[in-house]
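Protein chains: 2
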Amino acid sequence: MTVTDFLLNLVPFSQEELNDIMLHFEEEKVKKNELLLKEGKICNKLYFIQEGMSRSYYLKEDGKEVTQWFFGEGQFMSSADSFFNQTASFYNLEILEDSILYSITFEKMEFLLAKYHKMEKCIRLLSIEMFTTLIRKMNATQFHTAKEKYDYMISEFPNIAHRISLGHIASYLGMTQETLSRIRKNESLKKK
Amino acid sequence: MTVTDFLLNLVPFSQEELNDIMLHFEEEKVKKNELLLKEGKICNKLYFIQEGMSRSYYLKEDGKEVTQWFFGEGQFMSSADSFFNQTASFYNLEILEDSILYSITFEKMEFLLAKYHKMEKCIRLLSIEMFTTLIRKMNATQFHTAKEKYDYMISEFPNIAHRISLGHIASYLGMTQETLSRIRKNESLKKK
DNA sequence: GTGATTTTTTGATATAAGTCAAAGGAAATT
DNA sequence: AATTTCCTTTGACTTATATCAAAAAATCAC
Numbered sequence: 001m002t003v004t005d006f007l008l009n010l011v012p013f014s015q016e017e018l019n020d021i022m023l024h025f026e027e028e029k030v031k032k033n034e035l036l037l038k039e040g041k042i043c044n045k046l047y048f049i050q051e052g053m054s055r056s057y058y059l060k061e062d063g064k065e066v067t068q069w070f071f072g073e074g075q076f077m078s079s080a081d082s083f084f085n086q087t088a089s090f091y092n093l094e095i096l097e098d099s100i101l102y103s104i105t106f107e108k109m110e111f112l113l114a115k116y117h118k119m120e121k122c123i124r125l126l127s128i129e130m131f132t133t134l135i136r137k138m139n140a141t142q143f144h145t146a147k148e149k150y151d152y153m154i155s156e157f158p159n160i161a162h163r164i165s166l167g168h169i170a171s172y173l174g175m176t177q178e179t180l181s182r183i184r185k186n187e188s189l190k191k192k
Numbered sequence: 193m194t195v196t197d198f199l200l201n202l203v204p205f206s207q208e209e210l211n212d213i214m215l216h217f218e219e220e221k222v223k224k225n226e227l228l229l230k231e232g233k234i235c236n237k238l239y240f241i242q243e244g245m246s247r248s249y250y251l252k253e254d255g256k257e258v259t260q261w262f263f264g265e266g267q268f269m270s271s272a273d274s275f276f277n278q279t280a281s282f283y284n285l286e287i288l289e290d291s292i293l294y295s296i297t298f299e300k301m302e303f304l305l306a307k308y309h310k311m312e313k314c315i316r317l318l319s320i321e322m323f324t325t326l327i328r329k330m331n332a333t334q335f336h337t338a339k340e341k342y343d344y345m346i347s348e349f350p351n352i353a354h355r356i357s358l359g360h361i362a363s364y365l366g367m368t369q370e371t372l373s374r375i376r377k378n379e380s381l382k383k384k
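If you're matching them up, the sequences are chains A and B in order. Numbering-wise (my numbering), the first sequence opens with residue 1 and increments by one. Numbering-wise (my numbering), the second sequence opens with residue 193 and increments by one.
Simulated from the structure, these hints should not be mistaken for laboratory data. Cβ coordinates follow ideal geometry from the N, Cα and C atoms, glycine included. Since no wrong hints were added, every one of them can be taken at face value.
Chain B is faced by these chain A residues, among others (derived, beta-carbon under 10 Å):
hint: 1; residue: H117
hint: 2; residue: K118
hint: 3; residue: G174
Whole structure, please, built from the sequences with the hints as guidance.
The structure is reproduced here in structure tokens:
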């Protein structure tokens, strides 16, 4: 899925509008393990993942990494609060696989938002979708066992879960690696 | 805080624009314990709370209520996913205190969004804010003790926490009433 | 004000998951 | 291919919180 396909799925831009919008995006090829953003910095870019996979994570008080979200092909990626409000980011953005991204700076995005009524609608819909997915995670994790949380993870990220290290998955789900290992073992035993 | 103040805080509408927008809102006086929305129904209205307090909640598998969010004076309230996508709501919306609300239907909101570029921006900013507050909850609860969760609750809702029943607070924080009671007791002991 | 109902607290016990440590396996590096 | 590093699993033990039940307190209805 390309950026233009994604945008067209949300709002019916004209070809002319799309062409103009795409002039403000830039292609970036990035390597696994690159940090696109470090906590404390302001996130000045919104990224679209054409190929590859990434995650946003923060460090908890004991210094351990906690994954906040995973981003796969066909998704926008950012530290949303930092990008939209231009404030210091709580998160790091890390590339998990060699990737091809399309990025746009905050300034250019603000320009497009002011220029195109449709662009405002588009990013509004994107924001609502981000909210919806986050609520889904809250509801699927709170008051749920570790096993149920793992089931949610598999259903939320069916196409990329198998490409993610178990340590990252555990932290995303709010559990320890040991716990995840145990429930995965129980799950495989139960399938026999 | 009035609806117009709230909107003006987000986007500089003209007086004329605001007047037009307010023509689409309706004042509603509602009583404590009223259900504005039942799960399974489509949420057709977005509410602004002028006075009072409400919550959104869902039923978990064992039939117990889990509060998803609290809404106080000066806030918009809805089952966001249901309202914006016009899909069946997972949540109930319950009035916790006699309230004065200003409501707008989905159809009228869509009309205003199409009519005013500024309105799209306004609701985009509102959506981002909703997302931000939800992330704040996730980060404050995941990998945190029950006490830490309670501290987050007090800081998130300083003006309304004392008006909310402890059972609702407990479910909002993802813990049992018993646990909340115990940490509150420990907190009061420690303050001596 | 009285009785009924609901909410909060308390006590005892159980349990799911965390913590610590190390073994085993897989991937990366040389 | 051998070695090093990182990831995953396993075992033993601990702990924070859930569960169950009931007492105490607060609120509601008449």
